[in-house]
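Chemist: Residue strings, one per chain:
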Amino acid sequence: MHKNSFIARINWPGTAVFVFVGLAWEAAVRSGLLEYEYLPAPSAIGLGFGELASQGILAPDIAHTLISVAIGWTVAIVLGISLGFLLGLSPTARRYSLASIEVLRPMPGVAFAPVGLLLFGFSLKTEMVVTILPVLWPVLVNTIGGVTGVHQRLYDVGRTFRLGRKDTILRIILPAAMPPIVVGARISLGLALVLAVVAEMVGNPDGLGYGIVREQQALRPDLMFAYIVTVGFIGIALNAGMLALAEALFPSFRQLRGGQ
Amino acid sequence: MSSAEKRSDPSEKAAGPAFECRSVTVELLHKFSRKRIIEDISFLVRSGEFLTIVGPSGTGKTTLLRAMGGLTPTASGSVLVQGKQLDGPPDDVVIVFQDYSNALLQWRTVAANVAFGIERALDRREIEKRVHGALALVGLENNAEDYPWQLSGGMQQRVQIARALALRPAVMLMDEPFAALDAMTKASMQDELLRVRDRTGTSFVFITHDIEEAVYLGDRIAVLKGSPGRIEQIFEIGLPAPRDQLSTRQLPKFLEYRYAVHQAIGRGYA
Chain A
938 MHKNSFIARI
948 NWPGTAVFVF
958 VGLAWEAAVR
968 SGLLEYEYLP
978 APSAIGLGFG
988 ELASQGILAP
998 DIAHTLISVA
1008 IGWTVAIVLG
1018 ISLGFLLGLS
1028 PTARRYSLAS
1038 IEVLRPMPGV
1048 AFAPVGLLLF
1058 GFSLKTEMVV
1068 TILPVLWPVL
1078 VNTIGGVTGV
1088 HQRLYDVGRT
1098 FRLGRKDTIL
1108 RIILPAAMPP
1118 IVVGARISLG
1128 LALVLAVVAE
1138 MVGNPDGLGY
1148 GIVREQQALR
1158 PDLMFAYIVT
1168 VGFIGIALNA
1178 GMLALAEALF
1188 PSFRQLRGGQ
Chain B
8 MSSAEKRSDP
18 SEKAAGPAFE
28 CRSVTVELLH
38 KFSRKRIIED
48 ISFLVRSGEF
58 LTIVGPSGTG
68 KTTLLRAMGG
78 LTPTASGSVL
88 VQGKQLDGPP
98 DDVVIVFQDY
108 SNALLQWRTV
118 AANVAFGIER
128 ALDRREIEKR
138 VHGALALVGL
148 ENNAEDYPWQ
158 LSGGMQQRVQ
168 IARALALRPA
178 VMLMDEPFAA
188 LDAMTKASMQ
198 DELLRVRDRT
208 GTSFVFITHD
218 IEEAVYLGDR
228 IAVLKGSPGR
238 IEQIFEIGLP
248 APRDQLSTRQ
258 LPKFLEYRYA
268 VHQAIGRGYA
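First to last, the sequence lines map onto chains A and B. All the letters of the first sequence, read from the start, carry residue numbers 938 to 1197 under our numbering. All the letters of the second sequence, read from the start, carry residue numbers 8 to 277 under our numbering.
One or more of the hints may lead you astray.
Stated by the list, open to error - With a straight-line Cα cutoff of 30 Å, these simulated DSSO-like cross-link-like pairs (lysine-lysine) come out:
| # | chain 1 | residue 1 | chain 2 | residue 2 |
| --- | --- | --- | --- | --- |
| 1 | B | Lys260 | B | Lys193 |
| 2 | B | Lys136 | A | Lys1103 |
| 3 | B | Lys232 | B | Lys260 |
| 4 | A | Lys1103 | B | Lys232 |
| 5 | B | Lys232 | B | Lys193 |
| 6 | B | Lys232 | B | Lys91 |
Just so you know, the hints here were simulated from the structure itself, not pulled from any lab data.
Pulled out of the complex, with its shape left as it was, chain A reads as follows (with noise of 0.2 Å):
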């Protein structure tokens, strides 16, 4: 990335609105305006940060997040295109199975905590019990939008080029389904953490949110708010990173940023 580019890219007056909120809570904090006995100041989550890097725990708790996010996000979109293209291409397995999708697909992945505890226990293997099913539907869905979306065009494109079943999938249906195919991998991705970040609060006790809840526990708000923030930040650095992997891979990906 250009420097030039990243600099114009960084949204100024949002930046500023965030560092106002911070500057402003700090403030509160400190004069007395706000006052709980467990809400730290921005400085304390600060130092909370040092303290946490200092003891070699968050390194290790990122580590583990990132894997269970890496694990679970991978499994639901090789699952979720497979799947996906399948049901895309053939109307018969969509008659049987979209029913089957909208009773599952609102049901939240938490509630199936307990049962990956009982079969599991306290383990990764939990955690991608909670994970994977609500991390599949987006990707699975947009994958079905996006095969399905194909233009009757592209298909009389492929066939006055005499192109085989094969190519017709390789080579119009994939490439023209990419772009819903790749929103939907990202919005999997953000849910892919936040679900990671739950499982490790309610079942697995490893990663970033056990981190929270491990120093709620132990009454230390700061080194807390210190995991959330890390949580954010990954949040964030992970939604830039799948947009520039996607711009990486489809260069005509740009155009669909728009209001990016």
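Model the placement of chain B on the given structure of chain A, informed by the hints.
Modeler: Using the frame of chain A, we list chain B on its own:
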């Protein structure tokens, strides 16, 4: 334009038909019943000929073209490409669609779009050569790395024509390719297409509802009429080549043909 003169020599055309429709009838499923769209269509397309098909909307022009391109099956009759009966899209025939923005692969560059039809069949050097040649024929050499959505409508339609040309087809079927373009772009595209025909010897079947366009471009004009559509009349257009937007359109013969085609289509159709 020596090739143009050569082409207009009738003895050169006697090489046999590039394309033939024999009593073609097409029926499409329409609200649970089969509806006859075109009926008993017979004509030849000579090698290197520019045949235009005109007719009001609803006479099955597009259906006819799709049947010729092997996209729509015929209910009866047969379509022959260089003497061989067609089932499915034939080797040497390619369709250029009216809606270029839907027909182009928006995720590919112009060059990659043009390579689409040949990239699996040829080696890389030949592909590059043909892509370059096709882009040069339509005047887009400098846009090879652009994306279709960065181009104007006329340029996008040129990309689609170049993509078809790269295949070096014997016959190009064009479905109202210039209908969405403004008048000036349309005029320059018409001349470009005639030049392409002169240079490549490709036969063209060109559908339009613009009578002047049909007369200007055509060596012959087939008038499609009625529902189901039938061929009402075929005009042999004896205008001199190369055609010219200004002088050709002012020839008394041009106006005569225009009048005659109007008459054949019937009053009330402008």
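Chemist: All hints, please: hold or fail.
Modeler: Hint-by-hint comparison with the structure:
1. For the given pair, Lys260 of chain B sits about 22 Å from Lys193 of chain B by alpha-carbon distance, which is consistent with the 30 Å threshold.
2. In summary, the hint linking Lys136 of chain B to Lys1103 of chain A is supported, as the alpha carbons are separated by about 27 Å, within the 30 Å threshold.
3. About 23 Å separates the Cα atoms of Lys232 of chain B and Lys260 of chain B, which keeps this hinted pair within 30 Å; it holds.
4. Annotation: proposed proximity of Lys1103 of chain A to Lys232 of chain B is violated, straight-line Cα distance about 40 Å (limit 30 Å).
5. Restraint check for Lys232 of chain B and Lys193 of chain B: the C-alpha separation of about 25 Å stays at or below 30 Å, so the hint holds.
6. Only pairs whose Cα atoms come within 30 Å are accepted, and Lys232 of chain B paired with Lys91 of chain B is accepted, the gap being roughly 28 Å.
Checked against the numbered hints above, the structure breaks only hint 4 and satisfies the rest.
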